[in-house]
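**Q** Using the sequences plus the hints, can you model the full thing?
What follows is the residue order along each chain.
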Amino acid sequence: MQQFVNITLNGLSQGAIYAAFALALVLIWRATRIINFAQGAMAMFTTYLALPLIESGQSYWAGFAAALVAGLVLGALVERIVMRPVEGGPELNAVIVTLGLFIALQALAAILFGATFQSFPAPFGLRGFTVGEFTIAFTPFSVFVIGSVLVVMLALTALFRFTDLGLRMRASAFSQEVSRLLGVRVGRMLTLGWAFAAVVGSLAGLLIAGGNLVHPAYMDAVIVYGFVAAVLGGLESPGGAVAGGLIIGLALSYVSGYLGSELVTLAALGILVAVLLVRPRGLFTRVAERRV
Amino acid sequence: MRAVLRRLVPRSLLLRNLLGVVAGLVVVVLVLETTSPFRNSQFATMSYYAIAAAGLTVLTGLNGQISLGHGALMAVGAYTTALLLQGGSVPFPLAMLAAAVVTALVGVVVGAAAARLHGPYLAGATLALAVGVPGLAIYFDGLLGGEQGLSVRSPRPPGWFADAHYFLTAGELGGAKYLAYIGWITLLVVVLLLANLMAGRYGRVWRAVRDDEVAAELAGMRLGGLRILAFVVSAACAGLAGAVLAMVVRLAAPSGFTIVLSLSLLTAVVVGGLGSIPGALLGSALLVFLPPAVTNLGTGAGLTGVQAAQLAPFVYGVVLVVVMLLAPGGVMGLLRRLWRRGINQGGST
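Chains as they are written, first to last, in this note's numbering: chain A, 98 to 389; chain B, -9 to 339.
Please note that the accuracy of each hint is not assured.
Calculated from the model, a selection of chain B residues having no Cβ within reach of chain A, i.e. all distances over 12 Å [to be verified]:
hint, residue
1, Asn7
2, Val19
3, Ser31
4, Val80
5, Gln138
6, Pro147
7, Leu163
8, Phe279
9, Trp329
Stretches of chain A that chain B covers, calculated by requiring three or more beta carbons in the stretch to come under 8 Å of a beta carbon on chain B [claimed, not checked]:
hint, region
10, 128 to 135
11, 206 to 213
12, 318 to 325
13, 352 to 362
14, 366 to 376
These stretches of chain B come out as covered by chain A in the derived footprint (C-beta under 8 Å, 3 or more residues) [said to hold, decoys possible]:
hint, region
15, 47 to 60
16, 100 to 109
17, 114 to 124
18, 294 to 301
19, 310 to 322
What the hints contain is simulated information worked out from the structure, not anything from laboratory work. Think of the CB as a built atom: it goes at the ideal place given N, C-alpha and C, for glycine as much as any other residue.
**A** If you want it as structure tokens, here you go:
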């Protein structure tokens, strides 16, 4: 029973991170119809940028902020420089460009920061809360993880629902031509969309790194989990991505706890294939027809 | 001049391709006999990259299905070969054939799922395959050797082959050279089969499915079956490539089949030009001969060995992006454009 509770709690906090990552993928997909396979590598890179800052004696929060700002800039640059020419073209070309970015950023991180495992600090304790006589797998850091993902989701919802900027971004995602006719600077909105998505991705990278070891490939599996979560949620809906993230987090936590951690990625593949074959439009979307 | 050349080339496609393969064999023998053992082992490495890339270029270039899972399929072939060669009783050609068959069977399963996906969905699913499959080797560590992997008994040259080799070249037949011969002969056979397939009926219908699904379906083609077939052919090539890899590297371990391997193969076919077998060969040559050059440059510029080793994947990534942005047809696409321009100018003057 205690093991089950612990696995569930662990799954929830992991799921919150996958939810954030899936959210980043969904933001970009909605705006540009591109799955950003470089998202994980970009998040890894910005997390690495925070590490020397923290190690040189700055506070964790300075590094945290630096990584998020770096994510914003990196996202905007990537969209403007390398993605813009392939947007709207053959979908294979865009996929290949993001994969090129993925491999280049990963190698660049290994060149700049070394390919070894390095420990990344956590701002809060990593010792579980005690309930009665048991220590449960729910730490102050888990609270921080879930809290920050919640804050990001609320902020994004507020942005898209209640601000003029959000309305313009939604409009350019919905129909580029009409928005352009109405005077929306669509190109600028797309750049902004990528930038925001990269910030959310960077946050996911920081949260996974916290209290763990980082190395240039530590986000590889997370791309897969985030992608599965986003597809589970229907790729279109931010709410679906969050629900998908939590479901994937829980499911993979059970697989890892009861079957073996080596099988987690394969389990994710199984879930993905099952979802795509049985209900390709995802569990949480109202769009009737979608080609996968 | 061109007319004379054209008359010399046989009409039949099979004959023409066979002629090409025989010419290729002559070149292979000449090159392998005149280069050092180190170069021989580089050529052996190139042969397995080229086998996998040739299969991938058929799948991605001709049929329009992207696969980031070919590294995982190579792992299936490599582990099959390693297991079969363990006892020492199975001859290696049989082990290679078995590797191709087993990987093709895996390809049926993956292809059946892949046939219903396209573009980013297929990329994501096969990415999951590439990241997930090495975990199997660790999960079944009793059979597959866990992180350390399985060591492979590389075949030794049999007496008659060594004798024939000595008779022809009067040179020693080293282990690396023998493996390079195995790899390149396999590659030539694969290229012959794929070239015939591509020029024939299946190549045509695969292209039709890639270019316009609806039109192809209206013309009575069964999209699912054709897509699965393309995947199976491509998977069998990846399995053969894995078998050659296992024998050349003498090891089948999870660390050899990372996502970087799959992405390197993709780089090779994209840079060479999607859908072109010469392009795939060119791209695999790049995968083998570029890293040492780049690494040397890196150490010359003051990087440590570990850092310099990462320069090659960095260059792959940058090249992948640049090629897609500036010349999506790859090297073969550029050459084709130049060739056409040359013909047009020749005609007008």
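**Q** So, for every hint listed, does it hold in this structure?
**A** Hint by hint, here is what the structure shows:
1. For Asn7/B, the non-interface assignment is confirmed: its Cβ lies about 28 Å from the closest Cβ of chain A, beyond the 12 Å cut-off.
2. With a least beta-carbon separation of about 35 Å from chain A, Val19/B lies farther than 12 Å from that chain, consistent with its non-interface assignment.
3. Non-interface status of Ser31/B relative to chain A is upheld: no Cβ of that chain comes within 12 Å, the nearest being about 24 Å off.
4. For Val80/B, the condition that its CB be more than 12 Å from all CB atoms of chain A holds, with the nearest at approximately 28 Å.
5. With a least beta-carbon separation of about 15 Å from chain A, Gln138/B lies farther than 12 Å from that chain, consistent with its non-interface assignment.
6. Residue-level check passed: Pro147/B sits 37 Å from the nearest beta carbon of chain A, beyond 12 Å.
7. For Leu163/B, the shortest C-beta to C-beta distance to chain A comes to about 38 Å, beyond the 12 Å cut-off, and the non-interface label holds.
8. Remark: the non-interface label on Phe279/B is consistent with the geometry, its nearest Cβ contact in chain A lying 18 Å away (cut-off 12 Å).
9. At the 12 Å boundary, the C-beta of Trp329/B stays outside the reach of chain A, the nearest C-beta of that chain being 23 Å off.
10. Chain B is given as covering the region 128 to 135 of chain A, and this holds because 3 residues of the stretch bring a CB closer than 8 Å to a CB of that chain, at least three being needed.
11. Note: the region 206 to 213 of chain A has 4 residues with beta-carbon separation from chain B under 8 Å; the three-residue rule is met and the coverage holds.
12. Note: the region 318 to 325 of chain A has 5 residues with beta-carbon separation from chain B under 8 Å; the three-residue rule is met and the coverage holds.
13. Counting residues of the region 352 to 362 of chain A whose beta-carbon sits less than 8 Å from any beta-carbon of chain B gives 5, enough to reach three: the coverage restraint holds.
14. Using a Cβ-Cβ cut-off of 8 Å, 5 residues of the region 366 to 376 of chain A lie near chain B, which meets the minimum of three, so the contact claim holds.
15. Counting residues of the region 47 to 60 of chain B whose CB lies closer than 8 Å to any CB of chain A gives 4, so the stated coverage by that chain holds, three being the minimum.
16. For the region 100 to 109 of chain B, the stated coverage by chain A is satisfied: 5 residues place a CB nearer than 8 Å to a CB of that chain, which reaches the threshold of 3.
17. Given as covered by chain A, the region 114 to 124 of chain B passes the check, having 8 residues with a CB less than 8 Å from a CB of that chain where 3 are the minimum.
18. Coverage of the region 294 to 301 of chain B by chain A holds. Counting CB-CB distances below 8 Å, 4 residues qualify, and the rule asks for three or more.
19. Requiring three or more residues with a Cβ within less than 8 Å of a Cβ of chain A, the coverage given for the region 310 to 322 of chain B holds, as 5 such residues are present.
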